[in-house]
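> Given chain D, put chains G and H in place with the hints provided.
Protein chains in written order, with our numbering: chain D, 1 to 390; chain G, 391 to 664; chain H, 665 to 958.
Honestly, the hints are just simulated from the structure, not real lab data.
Keep in mind that the hints are not guaranteed to be accurate.
Stated by the list, open to error - Taking lysine to aspartate or glutamate pairs in the EDC-like style, the calculated list, with each CA pair at most 16 angstroms apart, reads:
#, chain 1, residue 1, chain 2, residue 2
1, D, Lys146, D, Asp265
2, D, Lys137, D, Glu119
3, D, Lys219, D, Asp209
4, G, Lys611, G, Asp525
5, D, Lys386, H, Asp927
6, D, Lys339, D, Asp326
7, D, Lys160, D, Asp183
8, G, Lys656, H, Asp853
9, H, Lys878, H, Asp861
10, D, Lys146, D, Glu159
11, G, Lys493, H, Asp927
12, D, Lys137, D, Asp265
13, H, Lys814, D, Glu231
14, D, Lys219, D, Glu159
15, H, Lys716, D, Glu385
16, G, Lys611, D, Glu58
17, D, Lys288, D, Glu119
18, G, Lys493, H, Asp955
19, D, Lys128, D, Asp352
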Amino acid sequence: MIKKLTFLVLLVAAMSLATTLTVIGPWAGTEMDKFVPVLNEFTKQTGIDIEYKIYRAEDLVNVLPAQFLSKKAPGDVIFMWANFIREYGKKGHIMPLGNVINSEEYLPGALNAVTVNGELYGSAYTGKVKPGFWYRKSFFSEHGLKVPTSWDEFVGLLEKLKNMPNLNAPIASGNGVGWPLSDVTEHFLATFGGPKLTYDLIEGNILWDSYTVRNGLEKLASLISKGYFGEPTEWTMALQQWWAGDYALYFMGSWITGMVDDPNDLGVFALPGAKGVVFGADYAFVPKYTKYPDEAKRLIAWLCGREGQTVQVSQGGHVATVKGIDLANYPPVDREIAKIIQGVTALPDLDDTIGGEFQTTFWDQLKLLWVSPDRLDDVINVIQEKAPRR
Amino acid sequence: MKIRRVALNIFAWTIALIWIVPFVGVFMTTLRPLDELIHGWWNFDSFHPTLENFASAWNHPTAALKKGMVNSLIVAIPGTLIPLMIATMAGYGFSRYRFPLRKSFFILVVITLALPQQTIAIPIFQLMNSLNLIDSYLGLILLHSAWGLPWITFFMRNFFTTIPVAAEEAARIDGANDIVIFFKIILPVALPAIGSACALQFTWVWSDFFLALILIYSPNKLLITQRIPLMRGVYNVDWGLLSAAAIIVMIVPILIYLLLQRYYIKGMVGWSLK
Amino acid sequence: MPRKRGSKYAAFFLLPALIMLAVFVIYPVGRTAYISFFDENGTFVGLKNYSKVLTSREIIDLSGFSRGFPLGALVHNIIWIAIHLPLTIILGLSLAVLLKGVKGGSVIKSIVFLGMVMPMIVGGVMINFMFDRNLGIVNAFLGLFGFQAKSWTVYPDSALLSLIFGSVWLWTGFSVILYSAGLETIPKDYYEAAELDGAGPWKTFTKITIPLLKPITVVVATMTLLWELKIFDIVYVTTAGGPGGASNVMALQMYICAFRALDFNRAAVVAVILTLFTLLVSIPLVRSVRDDKR
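Only chain D is shown next, with the shape it has when bound in the complex (with noise of 0.2 angstroms):
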């Protein structure tokens, strides 16, 4: 009897240790705040409890592979960008998804950067969309500026702001390590190659030096050199300036309408023409050495389903990559930018995605080609080199 007894106490016990998941993400301070609330509500609906760890991913790409090898991971659903989950995955360190998560649930493309060859080995979580540029709805009523409809009126809209007094440039450019300029340029291959090139560039189906590609850029580099773009400077002093009226429109993600102190003054518009916008999500994995793994697959599965989304993009600043969540659910400024997504392609951030050697030579070329757009040709030429090829 008592030795059942004991058997007992020790399944009980055993079952509720069992039961704390580790939830690695980067997310800290006000992100944090927000993220926080869906692990909530999923220990209240399972009782399972969860510890958040915060580990950015440029901290994870140098602890995991080691941690890996020994069999080990430091969580068991870990946020990570694709391009890692998918390399680990294919090297057999991360649990397959296939059987938790139904890619039809998801917008069109949204599983995309986490699959290799029909395997799915993440998921896609909310995400952030970099829509287009960005404009205040005062300044433009002010000085009579409508949104432009086509290449031709886009580019009449910079050369009227170029002429206007008091203006260093019609848009701002976003220094830092280098991906607000990549945005911008994501977004001109997009729009002029269609969505279907990030796909081709990140699998190295197509050349830089490409017609498709080539063509994309020039119409950057043409805008650059009638000077339509301002001088790189660093991206949060960039956007005091745009607000300040020193720029007109900012390339900016969805993540801008937290930054600004009147985000009802805000419009954005896509490129003419774009059919596809990129959409940052963030990606989740299991890994393979997760002592729990059928509670982590039941989490991830959660978290990333239509219900941990819905928790997450009624906090703000999020765009949900599931489908079916009714727009009533996303505080009134998000609404607009998750209209935007709906009816186009939801792209992978192209430098993100492929990561590695090339993205830092990718950011640092453009940062080359900002200032010097004339040296196009040497820049496609650094960039090839470092591109994944087939």
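Frame of chain D; chains G and H shown alone:
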């Protein structure tokens, strides 16, 4: 003659001004909100000083300098004391004993003094990985200790050659062995030189960026210098914050310099001039 | 004069240091040199990695001479030396002489020396700041003469030069301190004798000060060269070698190869080339130790 002297003084102080203006700029940027700075920190149309940037750098959500300061001390203190001990002994050994290959060994030490850290980076990374010392302070402390050895050995050996051996000989006649002599007689005499080496080694370990960059990865373990680039990381470039961080990180070596100026300069001069 | 006796004590004093050096410095150096001759699968490839690296445009980019920066990391290091070394020596020497006869000279010396005291990573932040379009004092100053403000570090033609001049600001303190110490050692009567002979200040400077300070100049030059070859933090934190590689240097290129591209063999080659340069530079140092009779 007097005019010439005045002119020279003015010229010299102008140079001092040029050298100090960047520091003033960083201070100004730290003390003022970003929107006051977009037309230059020397523009005083509006002026609302605040210490907020210091507070936010100190408690930064992803790269708190508070933690970085503690971590850097955990590394820098043993990273100073260990090589100081070992290299003082080695410097003494080189100055007092004759043995085969003495000169060759010493030249080897001098050559390692010239090496760039990049030369050892890859094997060190692999070695530490196999010892499971990646992302551990122990690994970094050992590495800093080894890396500091050549110059401290060189410096201390040059110091010891200037010290007469008479006192040691006397002690030896009284029956003391060499180890006792070293600890009882030599170390007290060498304290000023050790102080100089200590000030410099501590500053250099504190200031190191590269070795930490290749060995320490976990966000909560990052040293203070590693947190500086994070302040201008992907999503938070803020000049005010960055300037505040820069000031906090440099305050420790500058304090050491100001407090130990004499030793510091002696060390710097002696280290290079012998 | 070292004693001949007591080799067991010699071992006690020297072995800890020598063992640590062997494990953490000597072995890694040898290992780096070793893997520079192998490919990623461990196959011996002779000098193939070297020819690959030396012909890559990241290291030497001759077309840059007609087109403009980048010229390759190795060339950038050489340019760094060509500009920074003479400035360090001239500024250090002239400031040391100037400050000797000036009220508050030691305070000014301390100010100039501040650049040496702060971590280089902070120095990089300060340089970035100086050359910024909106916040930089360089633009404010040039603006007085009617120059158009710009962020000097974002243009390929000025990025490297900005960093070099910024590094002069950081490093001059070193040569000032050394030359000042050297000036103290020159006996006063040399100058008095020269004055009696009717030599002017310029003549005393070139005939007495410079020749007597020659050993110091050798040390300053050696240490400065080593510093220039090892430049890393400043570039890492300001431009990360950009734009388009226009301010890349060898130490950074090694880091990029090793820890970004994860190509250890290529990185080892870059490290070995860099090391050869530093060894070349340290010859006077080694020679003075070899000839040292103590």
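> Going through the earlier hints one by one, which of them does the structure break, listed in rising order?
Per hint list: 2, 7, 8, 9 and 11 violated.
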